[in-house]
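K.L.:
With the hints as constraints, model all of the structure from the sequences given.
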Amino acid sequence: MSSDARQAILSSIRSHLSASVPDDNPELKVHSIETGKEIEQVRKGGLPPLSDRRGQAPLSDLFSPCSNVSLVELFKENLEAVNGRCIIVNSDTDIADALTRIITDLKAQRLAISDNPEVERLLNLTDLEIEELGVAPDAHDIFHFDVGITTVQAAIAETGTLVLDSASERHRLVSLVPPVHIALVNASMICTTVGEALTLLRKEKEISPAVTFITGPSRTADIELTLTVGVHGPQELYVIVNGST
Amino acid sequence: MNHLSSETFRENARAALQDVHLRGALKNATSLFGERRKQAAANLPNWEDLRNQARAIKDDALLHLDRYLEEFERNAESRGAKVHWARDAAEANSIIVRLGIDRQARTVVKSKSMTTEETHLNTALEAAGMQVVETDLGEYIIQLAEETPSHIIAPAIHKTRRQISELFTAELGMPPTDDIAQMTRTARATLRDRFAAADVGVSGVNFGVAETGTIVIVENEGNIRLTTSLPPIHIAVMGIEKVIPRFADLDVFLKLLPRSGTGQRLTTYQSFITGVKRASTDEGPEELHIVLLDNGRSRMLDHPLTRQSLACIRCGACLNACPVYQQIGGHAYGSVYPGPIGAVITPQLMGIEKTSQLPYASSLCGACREVCPVKIDIPRLLLHLRAEIAPRKGGIAERLAFKTWARIMTSPALYRLSSAAGRIVQRVIPISRAWTKGRDMRPIESKSFHDLWNE
Chain A
1415 MSSDARQAIL SSIRSHLSAS VPDDNPELKV HSIETGKEIE QVRKGGLPPL
1465 SDRRGQAPLS DLFSPCSNVS LVELFKENLE AVNGRCIIVN SDTDIADALT
1515 RIITDLKAQR LAISDNPEVE RLLNLTDLEI EELGVAPDAH DIFHFDVGIT
1565 TVQAAIAETG TLVLDSASER HRLVSLVPPV HIALVNASMI CTTVGEALTL
1615 LRKEKEISPA VTFITGPSRT ADIELTLTVG VHGPQELYVI VNGST
Chain B
81 MNHLSSETFR ENARAALQDV HLRGALKNAT SLFGERRKQA AANLPNWEDL
131 RNQARAIKDD ALLHLDRYLE EFERNAESRG AKVHWARDAA EANSIIVRLG
181 IDRQARTVVK SKSMTTEETH LNTALEAAGM QVVETDLGEY IIQLAEETPS
231 HIIAPAIHKT RRQISELFTA ELGMPPTDDI AQMTRTARAT LRDRFAAADV
281 GVSGVNFGVA ETGTIVIVEN EGNIRLTTSL PPIHIAVMGI EKVIPRFADL
331 DVFLKLLPRS GTGQRLTTYQ SFITGVKRAS TDEGPEELHI VLLDNGRSRM
381 LDHPLTRQSL ACIRCGACLN ACPVYQQIGG HAYGSVYPGP IGAVITPQLM
431 GIEKTSQLPY ASSLCGACRE VCPVKIDIPR LLLHLRAEIA PRKGGIAERL
481 AFKTWARIMT SPALYRLSSA AGRIVQRVIP ISRAWTKGRD MRPIESKSFH
531 DLWNE
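As given, the protein sequences belong to chains A and B, one line each in that order.
Counting from 1415, one number per residue, gives the positions in the first sequence under the numbering used here.
Counting from 81, one number per residue, gives the positions in the second sequence under the numbering used here.
Since the hints were derived computationally from the structure, they do not count as laboratory data.
Treat the hints with caution; some may be incorrect.
As the list claims (entries may be wrong) - Below, a list of computed lysine-lysine pairs in the BS3-like style, where the Cα atoms sit at most 27 Å apart:
1. A:K1617 - B:K357
2. B:K162 - B:K357
3. B:K473 - B:K483
4. B:K527 - B:K483
5. B:K162 - A:K1619
6. A:K1619 - B:K527
7. B:K473 - B:K434
8. A:K1490 - B:K118
9. A:K1490 - A:K1521
10. B:K107 - B:K118
11. A:K1617 - B:K434
P.N.:
Take a look at the structure:
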């Protein structure tokens, strides 16, 4: 049935496109970002093959690796504007102190961490007494943890966004299910724009099965348009940025 | 206020105008979203360029829709997804029901999807014995209340906090409260159990990238991430017009969509899903099924005007800007897609027989066109649809009236005679009540411009 449907839909698309008439309204003519010329409104036989057009694909921002100090400040400002908390530190000891303070204040007992060994190493530098530690718990176990701690693969300064790539680290559930998410970020991972982050992802040989952009704690305004922070995702988001890298 | 029909749009609208609470809620929502959109757009120096680029990308995608869909299918399947094709709502629903039955699914969690509202998927799944749980807070509220969405990005704006508190007390056993944070926590706690028990997750799709086979879904609440991460099967329902050529194109749309919808620079979460996990020990679903839905869309490709409607990215900006929507809200349209874009899309998807009042649900003021992030010329589309509807309507009297009017206006003698007659007649009989109910009929002056000129 599905292959019939496939053929039927593709034929319907083709026949309706070929029946299409040119449009007489000049306002409707738009310019192609690839060629700067008007996009043809009528489909004719001789279009260049996809691969040729693909070669001209504009990458809106050229990627430049950026470890500028001001990017850290910009990232912090934008993250705080969406109710995230940002702590800028300069050493592993500072990270451990920050973790100790946050987790003690939260009175958190059960910590879920991603499988990046860096997280466990930094956690071991703290003098926290942890009741339960789960490393990348699965869908059945993840629900009873108080806090999830992960690293990230990139961050975006102009929006205060974290970029998590599930091929690099098991952090899909740890960053999502516990009510508090603590993310550890190296300043050198912060790029300027969303466009740069997209370019980085595209540069990989294969795009990871699940990439997630996170900008602040989860939120809703579904009841009387009143902003409420913390719905299905974490209610609190802490980002510890290590500026020494 | 629910399950209204488009055939009774005028009556629905009249009833909505009497609802003082509804009009207050609509005023707050549409002015807040509208103001935020305006600020967000003003903060980007190249807003107009972005709109042009977005439209150019969509036009390219639609003019080569067959090829991009094939490319999307090839790339998604090479990464382990299964792509299904559905000609109409019934076909889409039967594919999804079959997937659920084959896996003995009992609980289906859903994230907000206008496309599955269009296909009435919930009814089909429930008829097959599955329990369907809407997980977006607004959708969850209206599911509990057995209502339908009244706004495409804020489905429950028509309900007050008191109504929601009463609903949660009755349905979920929450102690009565007027604290919105408490209501939100109650929904979170209840839905956590549903997520933990879910066999299948169903989501919509904002963008499908042909070049990589990636689907992109945007949200604020985190329920989409849960829906697409926890259950062993993820089924994504995607209208065929959602395909875009390149991954890099996302930059433009991720700038325009959140700013146009809620005025945010970026929504809290963007999920980029490309196929299924590589190793069985990885996180995420075992299976990803993408259902490509036509349901009247391919038909809309055959005219440059109607084709435009397929460029819509469902941001909701035209609803907030529309003086008609601002007064009557989404339910009065009696259709899944309300507001200006709904008045354009619904007749094309469902046929104009039962929806012929919708293209008239507009003053053609053009506010929708001004705010549309992909520059859809909605007023012109409305006129196009009206032109299709007009000859089908009886309207002999109207046609005769306009013919007579044309005759009079092109003959100076007839014009003088009829305006003289009009001056007398207007004192005796009130003219057309349907016309004068909403506006005043200007009386004809006692002397014409021509007379005054001669004097």
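K.L.:
It remains to establish, for every hint, whether it holds in the given structure.
P.N.:
Hint check:
About 19 Å separates the Cα atoms of A:K1617 and B:K357, which keeps this hinted pair within 27 Å; it holds. Taking the CA atoms of B:K162 and B:K357, the gap is near 13 Å; set against the 27 Å cutoff, the hint holds. The straight-line distance between the Cα atoms of B:K473 and B:K483 is roughly 16 Å, inside the 27 Å bound, and the hint therefore holds. A hinted pair counts as satisfied when its Cα atoms are at most 27 Å apart, and B:K527 with B:K483 qualifies at roughly 26 Å.
Proximity of B:K162 to A:K1619 is assessed by CA-CA distance (about 22 Å); at most 27 Å being required, the pair is judged to hold. At roughly 81 Å between alpha-carbon atoms, A:K1619 and B:K527 are farther apart than 27 Å, so this suggested pair is violated. Among the hinted pairs, B:K473 with B:K434 is consistent with the structure: their alpha-carbon atoms are about 12 Å apart, no more than 27 Å. Pair hint A:K1490 plus B:K118 holds up; C-alpha atoms about 25 Å apart against a cutoff of 27 Å.
Distance hint between A:K1490 and A:K1521 is fulfilled; the C-alpha atoms sit about 25 Å from each other, no more than 27 Å. Our distance criterion of 27 Å between C-alpha atoms is met by B:K107 and B:K118, whose separation comes to about 16 Å. Distance check on the hinted pair: A:K1617 and B:K434 sit about 50 Å apart at the alpha-carbon level, beyond 27 Å; violated.
Hints 6, 11, counting from the list given before, are not met by this structure.
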